[in-house]
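Peer 1: Build out the structure end to end from the sequences listed, making use of the hints.
Line order of the protein sequences matches chains A and B. Using the working numbering, you'd call the opening residue of the first sequence number 520 and step up by one each time. Using the working numbering, you'd call the opening residue of the second sequence number 382 and step up by one each time.
Check the hints yourself; a few may be wrong.
[To be verified] Across the chosen pairs, the derived CB separations fall in these ranges:
#, chain 1, residue 1, chain 2, residue 2, range
1, B, D478, A, S521, 41 to 51 Å
2, B, A419, A, V903, 53 to 63 Å
3, B, D478, A, A922, 47 to 57 Å
Simulated from the structure, these hints should not be mistaken for lab results. The structure displayed is predicted, hence computed values, not measured ones. Beta carbons are placed, not taken as given, at the ideal position from N, Cα and C, and that holds for glycine.
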Amino acid sequence: MSADAHAQLAAEHEALIQFLYLAPVGLVQTGIDGEIVMINPVSAQLLMPLSRDASLTNLFTALEDVAPELRHLCASFARPNGMICDGLHIHLNSGAAGKRMRVPHVLSLSLLKLDGSRLMAVLQDVSEQVRRERQLRQSDAWLNALLTSISDYALVGLDREGRVSDWNETIARVTGFRPSVVGQPYSVFYPEGATTTEQVQDRLREADANGWSLDEGPRLRADGSQFWGSAMISPLPDREPDLPTDGEAAYCLVLRDISDKRDTVDKRRKSVFCDHLTGVANRRAFFEAAELELTRNRRTPRPIALVLFDADHFKQINDRHGHPAGDCVLRQLGEALSLTFRQVDVVARVGGEEFAVLLPSSTLAGAEAMAGRLRRLVESQPVVCDGVSIPYTVSAGVAAVDAGESIDLDTLIKRADRALYAAKANGRNRIECWSEDRDANR
Amino acid sequence: MTAATDLSFTAPGLHGQLLQLNAEQLDRLGFGVIGFGADTNVCKYNQTESDAAGLNAARVLGQPLFTNVAPCMNNFMVAQRFEDAQDEGNALDDTIDYVLTLRMRPVKVKLRLLAEPGSDQRYVLVQRKL
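Peer 2: Okay, structure coming up:
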């Protein structure tokens, strides 16, 4: 063989070895008794922590403690070749240890008998899949419970783009929409400002990923009246993901009128997600919503804006008029914010006199305009508390994530905070936007 | 380097000594040396290790150790030890019995895990058992 051909062969061999080293599943070849002949690194990664004698001589021995039945399973497999087990789940521990990294909870094992003397095994850490499946089963049960306990719901088929794919009586009963609703995006059931085009798609993607997507909020009937609704979207099973199914139902939307349950839902939600004084979202709700929106942004890029508001000279208001007056100011500010911004925006009280508004699908300029509107509204309407008129103003800092830009929530907050600081430093009762070049000193 | 310098697999204070060695000197050691930085990317890969694994250093250098080079060590027995030492700012000098899958054959080895709080450079040393 020529030196060149030899070098070529050596390079190919090396590449092949590296391919096996890096395969993200465990591959093992053993004798019929489990004696290991060949094994790749991921197998060692998964098996070494289980092996009592720190050796990997025999696959059955290595798995003895967690899957004692394997030896018998193979011995009693009568056919000359074939799948002995396919994706057998081996539970290693309670799963509690999984919180600490690198401790798998469940392994999946497939064993193929090649002939009377050889076995091939595939090993995989499936902890995450098992966790997701469990979640899915729970939501199935949940869905059943929901459906059996309610009297009426609209069952709406949606095509892949989220357009209503066909009409039926239930749609008319719950929403009043007639057959002409077919072909319209399901946002037709949402009042203006209660969702965005991107969110309409987000829910479909979430349904794809999790098996369902649930949200509650104001919904719209054909006659323009509103009701409090719960909407669950789930992908229809057994459809070919790549076939062109334009107009065909790909999702099922279950829309319920839960106006009568709203009080209970609201009460529960308020205790967990609302600021007790102002009624707007609390820090927890804000962080959850913001993380969700930023995650969605990474999947489907779109702008997101954040405005931080701070009541100017709030300490002086408290000192001069007393704390109840200060509370009045905060309540009115919360209310003004809720009225000014869209329903889809998240208004939250994030500090003593500090509020945050998260604006999905909004640019920096858009958010700045909204913030300006709020600032003028506050300036023009003094709070009246116990017959005393208390004028006050707010300052705001605005920051935004551009479509496709990847920054985390902490950074976004930090930027809005810098801008807010600049607004304070520049005389208060004003809006400043964060900018890279002068870091908020626009 | 004096003649008395002990550069065996079990030598005390080996972390500091390895830092002093150039690539050629590392290559001459009888055990495998994988050096990696704070980002876990491999920056040292000596000839002994390269021969045993069947991989040229060029395929390995700059790659994250626990995902792209030695996934077999990506568990609480090895990777977690380095991570804990890093998080807590502790020194690490432990020798454990392990099995590597060199060229897909299970090979019993001793691994020596070395890290020093003041240094970004960390090492996995590999001694094949006879």
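Peer 1: Out of the numbered hints, which ones does the structure contradict?
Peer 2: No hint contradicted; all consistent.
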